[in-house]
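Peer 1: Let's have the full structure, built from the sequences with the hints guiding it.
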Amino acid sequence: MKKHLITVVKLAVTFTILYLIFKKFQIGLDDILNSFKHQPGWFGMAFLMQVGAILFSIMRWNVLLKGQNLVVPFPHIVKTFLVGRFLGTFTPTGVGLEAYKAYDIARYTGQTEASVSVVLIEKMIGTFFSLSLWVLVTLPFFVGAIDVKFLYVFGMFFGILLILALILLFSPNFFRVFLRMNFPLKGKIEKPLNRMVDAFTIYSKKKGALLSAVLLGLVVYLFWFLTYYMNSLAMGAGLALGDIIKVGPLTQIATMIPLSIAGIGLREGAFMGLLDTLGVFAGTTSAARSAMMLSATMVYFVSVSVNVFGAIIFLTRRTDYKKQIEEMKQSS
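Position 117, counted from 1, in the sequence shown is what this note's numbering calls 117; the numbers after and before it change by one each time, with no gaps.
None of these hints come from the bench; they were simulated from the model. All the pointers check out, no bait thrown in.
Listed next, the in silico EDC-like pairs over lysine to aspartate or glutamate satisfying Cα-Cα at most 20 Å (straight line):
1) K23 to D276
2) K205 to E113
3) K79 to D320
4) K206 to E113
5) K191 to E113
Taking CB as the label site, the calculated pair distances span:
6) F74 to K24: 46 to 54 Å
7) G144 to F183: 35 to 43 Å
8) G144 to K207: 37 to 45 Å
9) L151 to K24: 20 to 28 Å
10) L55 to A145: 28 to 36 Å
11) D320 to F74: 17 to 25 Å
12) P140 to G187: 42 to 50 Å
13) T112 to G187: 20 to 28 Å
14) L179 to F74: 31 to 39 Å
15) K186 to L33: 56 to 64 Å
16) K206 to V148: 35 to 43 Å
17) P40 to G279: 27 to 35 Å
Note that the structure is predicted; figures quoted are calculated from it, not measured. In this text, a Cβ means the ideal position worked out from N, Cα and C, and glycines have one as well.
Peer 2: As structure tokens, then:
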């Protein structure tokens, strides 16, 4: 019952936001249909940008796996990531991807704790470090467009996240001091927190791996922003790549809020609202505004289209890993 209620609420949020966007920016059904007739060939490039984002995500994961001394063949990593991505389609905020990555590598290597640690660290680098960097770099573009107090608060929030991530990544033992103190719920969270600090301690001795993962994370988001741009070319939105990069980081954060179905509505609302704040809509037609909104909407559908490869692998993949490893040893 609770799950059904949450789904109904998310559907209501999704459709309410989309309705408000259509009303505010005077977007009609004809505008939407005409946008798809512009230059749909660019969707092929958007697809390739998503493939690029996936490739760099896999490379980041591989770097971190090696940092934990988890030796896994690269083809296996690719298959696991794609299957996880497919399963993540059906879970809130794509949590299925992270869960499957941890589960599959734990099965393959027999090292559950290390496999889970890698996923947590990757999430830390991707969300709290790389994305925070993007946000802090792009926030100055909104000076004069958004209340300065809001920008300060937002900047401080992501700045603190970035500092905490830096400490955890490069000086994790600092958190052991915190763990010695008494605080609410300490008994319940002390053990998992200690495990996380232990995992980060390994990487503190392998700073090259961490820096590589951070840089790869920045590139992952760049390919996401390029997906928006290719969609805009397909739709005839007339958006500059610079404008998309300015609003992209905050738009990505909006999609992480679990209030709508697959981030639909929140993605468009953030994207359109931020572009409007920057004055991009001045003098534009309803057709152009429709194309801009659809540039964000199609990011989800282009992303999901890549998941077909994960579905095929999921249905055909061997999972008798011990037997496969023995076969590889015998053939080498």
